[in-house]
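Protein chains: 2
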Amino acid sequence: MTVSPGAAGKIAWNPGNHVFPTPAALVSCQTPGGKPNLLTVAWCGNINSNPPMLSISLRPERHSHAIIKETGEFVLNLPSRRLARAVDFCGVASGRNLDKFAASGLSPFPVARVSCPGVAECPVNLSCRVTQRVRLGSHDLFLAMIEETMVDFGLMDRNGRFQIEKADLICYAHGFYFTFGKRLGRFGWSVGKVGRKHVYTRTDQKS
Amino acid sequence: MTVSPGAAGKIAWNPGNHVFPTPAALVSCQTPGGKPNLLTVAWCGNINSNPPMLSISLRPERHSHAIIKETGEFVLNLPSRRLARAVDFCGVASGRNLDKFAASGLSPFPVARVSCPGVAECPVNLSCRVTQRVRLGSHDLFLAMIEETMVDFGLMDRNGRFQIEKADLICYAHGFYFTFGKRLGRFGWSVGKVGRKHVYTRTDQKS
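Heads up: the sequence lines are chains A and B, in that order.
Residues in the first sequence are numbered from 1 upward in steps of one, following my numbering.
Residues in the second sequence are numbered from 1001 upward in steps of one, following my numbering.
Rather than coming from a laboratory, the hints here were simulated on the basis of the structure.
A couple of the hints might just be wrong.
[What the hints assert, rightly or not] Cut-off 30 angstroms, straight-line C-alpha distance, at most; resulting in silico cross-link-like pairs (DSS-like, lysine-lysine):
(1) B/Lys1069 <-> B/Lys1035
(2) B/Lys1035 <-> A/Lys166
(3) B/Lys1035 <-> A/Lys182
(4) A/Lys166 <-> A/Lys182
(5) B/Lys1182 <-> B/Lys1166
(6) B/Lys1069 <-> A/Lys166
(7) A/Lys35 <-> A/Lys69
(8) B/Lys1166 <-> A/Lys182
Can you make the complete structure from the sequences, with help from the hints?
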C-alpha cells in the first residue's frame, strides 16, 4: 500500500474485487436424470431490463459449471437471513461428493420454464436460460434470460406489490454476510421533495 | 400473477430484474478536455478474480454511455450513507445539461491508472478500463479490468485490513436504498466451528 500523492486521505489498496455489496444467492441446477445441485454465488446481478437478464460468474472447476454449461439452465434463488448458514455451506462444499440439498436441509421444488428445480425455502426464485458464456480468466460469465420469477405468496400485498422488507434478504461484502439495514429512501426521492430546500433541482429523468 | 400448481405458497411474479440487493455506485467518467460526469448504477458487480474485473450495464441513451464507449475508462465509486441523496440525484439527473459534480457537491479527484477522476467523498474508488462491450437490448454490458483501488486511509487498520463496517456503505433493492444491517458471519463459518454440532461437515473447499 502506498499513499497516493494525488489525493489527501486516500490510499492505494490492491486492484481487487471490491464491488460491495453483492447478493448472496443460491444457484440450483440439474443434469437430466442426475441429482439437483446447489452453489452459492456472490458474483451475480441484473444486466439488462428488456429483455430481463442477469449474469452469474462461475469458476470452470466448480461442479455446477459443467451442469449449467451442458443444460443452459439454472435457478437463481435469493435466501433470507434464516438460511445464511446453508448459503455459506453451499459456498464451501462441493456437489461432486455430496447431495447439498440433503446436507443443508433445503428442498428442491419445480419452477416454471426450466427443468431444474428451485429452492423452496428461498423467498425469490428466478428461472434462467443461458444465452452466452464469456470466458474471462478465472471465471466464466454466464449471461442469461430471466424466464420466470416465483416469490413466496405471503410477500405480495393485496395490490400485488412485492414487500421486500418482509423477505429478510441478505447480502455479501468483503467476506461477510449482512442483513439489510435501514431503508434510506426510494429511487427519485432526491428530486421529489417539492418545496424542501436542497441543492438539487428536477432535471430530465429520461437520460 | 397466478399461483403455481407445483409449489404450495409460491406465486408467479413478473420475470423481471429481481436480483437483490445490488450496489448503489457512482460511476465517474470524462471525455478528454470535457467536464467530468457522474452516473448512478445499480447494475454492476464483480465478474472475475484473475484478472480482477467488474461489469456495469448502461442504457445507450445515457450521457455517460457515449463517454465511456469513447474513452474506455471509468471509475466505480462506492458511496457511504451520508451520500445517499447525491447518489439518488445522480441517478435521475442527466449530465447533458448539468454539471453533476457541482450540483451534488461532490469533488472529482485524480486516481491512478485512468485519466478520468474519482469521487473524493466516496470511501472506495475503483479505476476501470473497458475490455469488451456486449449489446443486450435495452442496456450495453461493459466488462472492465479493475486497474487500481483507492480507499480512504482511515478505513484501513494497522494490519492493512479494510474495515468495511466503518465505510458505512449502502445498497439498492427493489426501488429503495438501504444501509447494511447486522453482520451474520464470515465466509466459511458454517464449516469452521469445530466442536459445535450442526448438520454440515467440512468438505472439499476447492471445487
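Checked hints:
1. B/Lys1069 <-> B/Lys1035: holds (16 angstroms)
2. B/Lys1035 <-> A/Lys166: Judged against 30 angstroms, a Cα distance of about 43 angstroms means the pair is violated.
3. B/Lys1035 <-> A/Lys182: violated (35 angstroms)
4. A/Lys166 <-> A/Lys182: Measuring from Cα to Cα gives roughly 13 angstroms; hence the hint holds.
5. B/Lys1182 <-> B/Lys1166: Within the cut-off at roughly 13 angstroms; holds.
6. B/Lys1069 <-> A/Lys166: The hint is violated at about 40 angstroms.
7. A/Lys35 <-> A/Lys69: Answer holds: A/Lys35 to A/Lys69 is near 16 angstroms, not above 30 angstroms.
8. B/Lys1166 <-> A/Lys182: OK: B/Lys1166 and A/Lys182 at ~16 angstroms, within 30 angstroms.
Of the numbered hints listed earlier, those contradicted by the structure are 2, 3 and 6.
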